[in-house]
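Read top to bottom, the protein sequences are chains A and B. Under our numbering, think of the first position of the first sequence as 1, with each following residue one higher. Under our numbering, think of the first position of the second sequence as 386, with each following residue one higher.
These aren't lab readings, by the way, just hints derived from the structure by calculation. It cannot be assumed that every hint is accurate.
In silico DSSO-like links for lysine-lysine, alpha-carbon gap of 27 Å or less [said to hold, decoys possible]:
| hint | chain 1 | residue 1 | chain 2 | residue 2 |
| --- | --- | --- | --- | --- |
| 1 | B | K726 | A | K256 |
| 2 | B | K554 | A | K34 |
| 3 | A | K10 | B | K726 |
| 4 | B | K395 | A | K341 |
| 5 | B | K641 | B | K554 |
| 6 | A | K10 | B | K395 |
| 7 | A | K69 | A | K126 |
Covered, in the sense of this in silico footprint (three residues per stretch, anywhere, with C-beta under 8 Å from a C-beta of chain A), are these stretches of chain B [to be verified]:
| hint | region |
| --- | --- |
| 8 | 412 to 424 |
| 9 | 503 to 510 |
| 10 | 608 to 618 |
| 11 | 666 to 674 |
| 12 | 703 to 714 |
All values derive from a computational prediction rather than experimental measurement. Heads up, the beta-carbon is just placed ideally off N, CA and C, and yes, glycines get one too.
Listed below are the residues making up each chain.
Protein chains: 2
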Amino acid sequence: MKKHDQDFMKRQNRLTVFEIIKNQPPISRASIAKQTGMSATTISRIVGELTEQGYILESEQVSAGLGRKSTLLGLIDASVLSIGIELDRHKISVGVVDLQGKAVCSEVHGHFPDERFETTMMRIGKIVGDLLRKGGIDPARVVGIGVGLPGIVNNETGIVVFSVQMGWKNVRLAELLKDLTGFEVAVDNELKVKALAEHLKGSAIGSNRTALIGFGNGVGSSLIIDGEIYRGDMNSAGEIGHTTIDPNGMLCECGKAGCLQTYVNISSLLLEASKIRQVHTIEELFEAKKAGERWAVHLVDRALMYMSITVNNIVCMYNPDSVILSGELVDKFPDIYEEVKELCSTTLVWEPLRESYRFLRSELNEQGVLIGSGLLAQTRFFTLE
Amino acid sequence: MKKHDQDFMKRQNRLTVFEIIKNQPPISRASIAKQTGMSATTISRIVGELTEQGYILESEQVSAGLGRKSTLLGLIDASVLSIGIELDRHKISVGVVDLQGKAVCSEVHGHFPDERFETTMMRIGKIVGDLLRKGGIDPARVVGIGVGLPGIVNNETGIVVFSVQMGWKNVRLAELLKDLTGFEVAVDNELKVKALAEHLKGSAIGSNRTALIGFGNGVGSSLIIDGEIYRGDMNSAGEIGHTTIDPNGMLCECGKAGCLQTYVNISSLLLEASKIRQVHTIEELFEAKKAGERWAVHLVDRALMYMSITVNNIVCMYNPDSVILSGELVDKFPDIYEEVKELCSTTLVWEPLRESYRFLRSELNEQGVLIGSGLLAQTRFFTLE
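With these hints in hand, go ahead and build the complete structure from the sequences.
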């Protein structure tokens, strides 16, 4: 018992020193000692270990005031790498993510909604191997794989409980992908890792309560409280797309009527458009709107209104300090950001909270899930190590 | 710096011992030592202090197994008292709450919506003094006042930022009531303290993510995560009553159209009813429904549907393990509980989460806010002491 406690403390101290060097480079041993209250001996031991393992880069710098030389520490960004994967109905994005959340290299592959789960996994295993080889990445530096996808995911077991968009129910994703690649695998809901990425490396650095909304093939949200993903009881918090807006409304693919997402998501918009004429892509719909075709103007304007209502409902429920708009619709049609912002600030957000939050654009855009998944795998590695 | 740290540790240890005795009575010194890892000397010192201050009751008990006598510790419930106050549009409830969250005595007084804020405060000051005198309560045992009310409350400064129901904007409630009574005053949103009370002493003991919904003169909700109130950035999280359901819907008293609460709250129901005939109380409306009057059946059934939608939207957004129904409507018409439960479990909650939560009745009912406010004042006292 005692022994275990000491090991635990050692690991914790090591992690603390590592995190400080990662977040405040370049930094001196003395500053680390001051911040942590650890002794010079402890810090020397830990820094020694980390240097030996190839994580740390020392540099000599002359401090401005006294002209004395001091040795400063930083991390070698490529000393810890992870693989981030985004799965979507139509595509698979795979990338190598470094300690700073930069995608060192990445690739996008197609995905067919009716492909068997096992086939998809085998393809991913091959894509990962090829990517490491082509990029000249040392597999020994890769600490794990992170996967982000839409749906209900048990982030502890790595089982995808339910994903309409992937067509999966209770598939053991982490287990199978680990067997195929040999890497540890962390799996999570796409919007949760995306919000984590924006919080750590994107537009919401420094925020204590970040809400992220995704508008795309579905509508969802996520919440970061004091740097931690708010998961709810089954890692399903944030499913705003299935909040009911109109009990007499359109049927949703979930079988319930009047879900919020039926007014906003891409497949619903295309399905409604097809009552007038065959529109195959969301780009065609927005072009028809631009050309002033009345039905298209109606559909898009209504979607913008419900996007603003989504913001209002998020603000009322979570009372965040920041709201980030993201997702395929916002990535493809950046004007949406300004239009929704305008609707929110003039009428559609509840007056007492209208000025209570920062309205933000995603900074990582379509790479957010990939980077967030990679960072998740790194976090998991350092916590478990 | 060092000195302050030691004081802090001493206070923390004292609080830890106190909390353990409070939550697990009767308990031996040895059990406390085992749970906390503190030395026998430290525990003896703390228990000695607490006994001297009149908090602790010692009892000798023979343990079942060995027949040895041991001294067990418990708290004297009345050794720490607080005053809990619930403010509502039409009434003021004041009670004395003990350590176990029991209302030792309480009184309900009327409130007129157009009464001046200062007048209300002076009346409350007098009610508190009278109640202590009549109840024979030693003011030295009262550690503070807690106040719960509807609206946006800054729980740190004790300022009521905005309360439509009380007709207040930016009033310094804590400051004025402290001046008038001499007691420390904690102020919070009514549903937040109510959820706290249900979590600590009511139907949600042991839950890690409790959502509470209040249906009454407004519609609101609150969330307890791992024993802590989730406040959001401005203590305004949970304002589900102002989530927009229908942008073309009825005007809400907030000035926005189609807020969820316009379908459910008492004043909206009475206003709609008045299109048919003058109905002065919610009881009259429910009687008309019972008598089968079509317009009343329509209004009440629609309200029940939107209550169920409220549950769905809470479950999708917060993914709680427990949902508690509360508020004047549920207190007055207990059938609502079963009817909403039925609607939720058959159709209106999103299928993947339909079985994910316990559907609970409030246990503390109309005393929830009063008790929660009292417990809030106690928590504040022990944290600051």
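### Query
Which earlier hints can't be squared with this structure?
2, 3, 4, 7, 8, 9, 11
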